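Protein chains: 2
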Amino acid sequence: MTMKTNNYLSSEKMTDNKINILVTFDKNYINPFRVMIKSLAISNPMETFHIWLLHSAIPQEDLFALTEYCSKQKITLTAIEIDRELFKNAPVSKQYPQEMYYRMMAPLMLPNGLERVLYLDPDILVINSIRSLWEMQLENYSFAAASHGFVLDEFIDEVNKARLGTEHDYFNTGVLLIDLKRARTITKAEEIYRCVIDKANQLILPDQDVFNCLYGSYTVQIADEIWNYDARYYSAYLLKSEGKFDLDWVMQNTVFLHFCGKQKPWKKKYSGRFSALYKHYMNLIDM
Amino acid sequence: MTMKTNNYLSSEKMTDNKINILVTFDKNYINPFRVMIKSLAISNPMETFHIWLLHSAIPQEDLFALTEYCSKQKITLTAIEIDRELFKNAPVSKQYPQEMYYRMMAPLMLPNGLERVLYLDPDILVINSIRSLWEMQLENYSFAAASHGFVLDEFIDEVNKARLGTEHDYFNTGVLLIDLKRARTITKAEEIYRCVIDKANQLILPDQDVFNCLYGSYTVQIADEIWNYDARYYSAYLLKSEGKFDLDWVMQNTVFLHFCGKQKPWKKKYSGRFSALYKHYMNLIDM
Chain A
1 MTMKTNNYLS SEKMTDNKIN ILVTFDKNYI NPFRVMIKSL AISNPMETFH IWLLHSAIPQ
61 EDLFALTEYC SKQKITLTAI EIDRELFKNA PVSKQYPQEM YYRMMAPLML PNGLERVLYL
121 DPDILVINSI RSLWEMQLEN YSFAAASHGF VLDEFIDEVN KARLGTEHDY FNTGVLLIDL
181 KRARTITKAE EIYRCVIDKA NQLILPDQDV FNCLYGSYTV QIADEIWNYD ARYYSAYLLK
241 SEGKFDLDWV MQNTVFLHFC GKQKPWKKKY SGRFSALYKH YMNLIDM
Chain B
1 MTMKTNNYLS SEKMTDNKIN ILVTFDKNYI NPFRVMIKSL AISNPMETFH IWLLHSAIPQ
61 EDLFALTEYC SKQKITLTAI EIDRELFKNA PVSKQYPQEM YYRMMAPLML PNGLERVLYL
121 DPDILVINSI RSLWEMQLEN YSFAAASHGF VLDEFIDEVN KARLGTEHDY FNTGVLLIDL
181 KRARTITKAE EIYRCVIDKA NQLILPDQDV FNCLYGSYTV QIADEIWNYD ARYYSAYLLK
241 SEGKFDLDWV MQNTVFLHFC GKQKPWKKKY SGRFSALYKH YMNLIDM
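Going down the list, the protein sequences come from chains A and B. So in the working numbering, spot 10 of the first sequence is number 10, and the numbers just go up one at a time. So in the working numbering, spot 168 of the second sequence is number 168, and the numbers just go up one at a time.
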């Protein structure tokens with residue numbers, strides 16, 4: 001009975017209760033992805049996950065190894081290869097590879113039967129249960145994402161809005177819940193390509209900027225301190241929350257620790273409040 | 001064939017390959033113990049563990065809950081109750097409860113068939129495989145333990161030697177590998193009680209001091225940066241190792257992170273290089 005009132009998961013999906021995760025990365029991000037998956041499994045021991053990987057050039061042997069790795073964590077994986085030609089004119093860099101754009105294509109690429117998927121950046125550590133986000137009612141929105149305006153500076157948000165000519169908060173797309181059924185009705189591949197190329201010179205975080213331009217108004221905001229905690233700014237979160245978001249609070253409540261920015265936690269030089277935690281997970285992936 | 005040449009594990013033990021862990025704590029340390037067990041299981045996914053708990057006053061319902069908790073980590077547990085009267089005259093405090101003395105009694109308390117056990121303090125986080133310590137050849141020694149002389153200050157070691165009138169390095173007994181077969185031949189309960197009472201006024205770390213007095217000369221030294229890393233002294237380890245023991249090295253090589261001293265990582269105020277890591281494990285125990 002209750003299943004019928006649920007407006008975003010088919011009864012079939014509700015029955016198997018599997019959480020669908022979307023990832024899009026290139027060969028350079030295989031190890032961070034493995035870390036993310038390890039932390040996801042450890043913090044969500046009672047869940048069943050299926051991973052959808054949209055990629056272009058991950059070699060077959062790496063895909064085999066990834067599938068086996070996921071299987072050890074009792075996670076299944078489907079890899080879908082996307083033609084590189086589609087985004088050949090999009091701005092890319094080592095930090096922002098072409099694969100980042102693929103999250104926006106997911107509504108067109110993923111099987112029609114799939115009604116909801118949670119996109120996660122590979123530079124994320126999962127430290128608590130993701131179920132309440134997975135079950136979140138999106139009402140009339142197609143996406144849910146967090147904004148870092150609160151912790152960074154509201155001014156930055158204004159700059160981003162002015163830069164992109166948008167009205168809504170500037171969303172970080174590192175964690176993106178997608179209602180595929182609704183997103184399919186608004187996602188047009190041509191529009192994405194055009195936006196990427198037209199705005200090439202204004203784009204700072206290419207894929208994220210495009211997402212904000214095209215889909216920001218279809219996105220409902222979720223709390224960044226829970227769903228997209230910027231791991232660079234422990235002190236800022238603590239200060240702005242008047243001491244509430246201390247380390248105990250973060251460890252007990254934050255779900256996604258997002259290692260935003262250029263200083264990546266897998267680098268030898270990285271030292272931050274969560275560096276031991278991240279490096280411990282890096283070490284666990286080979287066990 | 002090779003089993004017969006192995007001088008410390010019976011062929012039966014070699015067959016089931018189970019690692020025997022000894023713990024001794026009171027009710028106040030149940031949660032730290034659960035954290036330790038969680039980290040042990042996660043960092044040693046291919047091992048089978050059996051826990052021996054020597055205690056005096058842990059209520060039956062807590063023992064049931066602990067057994068169930070261990071069982072979730074695929075770990076078995078045997079609790080052995082020791083008569084409190086035995087150590088009624090020993091110096092104790094909240095930080096150093098009576099149960100700490102029980103590790104020295106283990107050779108007399110544990111089943112005769114058991115040939116080796118690894119004692120672990122409950123304020124430890126296990127972050128790598130313990131197998132190589134478990135399989136260590138002890139030659140003619142009865143125990144293996146680390147000294148913190150290297151990281152603290154050699155002077156401290158001299159003070160401890162002078163204070164206790166011992167010749168050998170001052171051992172930290174938070175991690176203690178015990179060859180039970182040999183230890184049974186030298187362990188006399190009366191001698192332990194007498195030493196505890198005779199030296200009551202000189203004892204700073206009561207159980208550890210007694211161990212050093214009575215069994216220090218039967219103990220082989222193991223590397224503290226691997227087997228008993230004092231989590232207070234990241235910078236000192238880094239400095240003394242000329243930069244070798246950085247965070248990557250510690251996460252990849254250290255097996256036991258020992259949260260020595262009065263500032264315990266489960267306290268709200270605790271902040272240290274490994275605080276996020278410890279608090280993450282604290283949070284995992286309820287999953």
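Since the hints were made in silico from the structure, they are not lab data. There's no promise every hint is true.
For identical chains, the list gives no copy identity; a pair is met inside one copy or between any two copies.
What the hints assert, rightly or not - Think about it this way: if two alpha-carbon atoms lie no more than 30 Å apart in a straight line, the pair counts; the simulated DSS-like pairs of lysine-lysine are:
hint, residue 1, residue 2
1, K18, K267
2, K264, K240
3, K181, K244
4, K74, K240
5, K269, K74
6, K199, K240
7, K74, K264
8, K161, K267
Keep in mind that this is a model prediction, so the values were computed, not measured.
Hint check:
With identical chains, the CA atoms of K18 and K267 are never at most 30 Å apart, being 33 Å at best within one copy and 36 Å at best between copies. Taking the shortest alpha-carbon separations for K264 and K240, both the intra-copy value of 24 Å and the inter-copy value of 27 Å come in at or below 30 Å. Taking CA atoms no more than 30 Å apart as the test, K181 paired with K244 passes in neither setting, with 38 Å inside one copy and 53 Å between copies. In this assembly of identical chains, K74 and K240 lie within 30 Å of each other by CA distance neither inside one copy nor across copies; the values are 39 Å within and 42 Å between.
Within a single copy, K269 and K74 get their C-alpha atoms no closer than 33 Å, and across copies no closer than 37 Å, so neither meets the 30 Å cut-off. In this homomeric assembly, K199 and K240 never come within 30 Å of each other (Cα to Cα): the closest approach is 34 Å inside a single copy and 53 Å across copies. In this assembly of identical chains, K74 and K264 lie within 30 Å of each other by CA distance solely inside one copy; the values are 27 Å within and 35 Å between copies. Taking CA atoms no more than 30 Å apart as the test, K161 paired with K267 passes in neither setting, with 32 Å inside one copy and 42 Å between copies.
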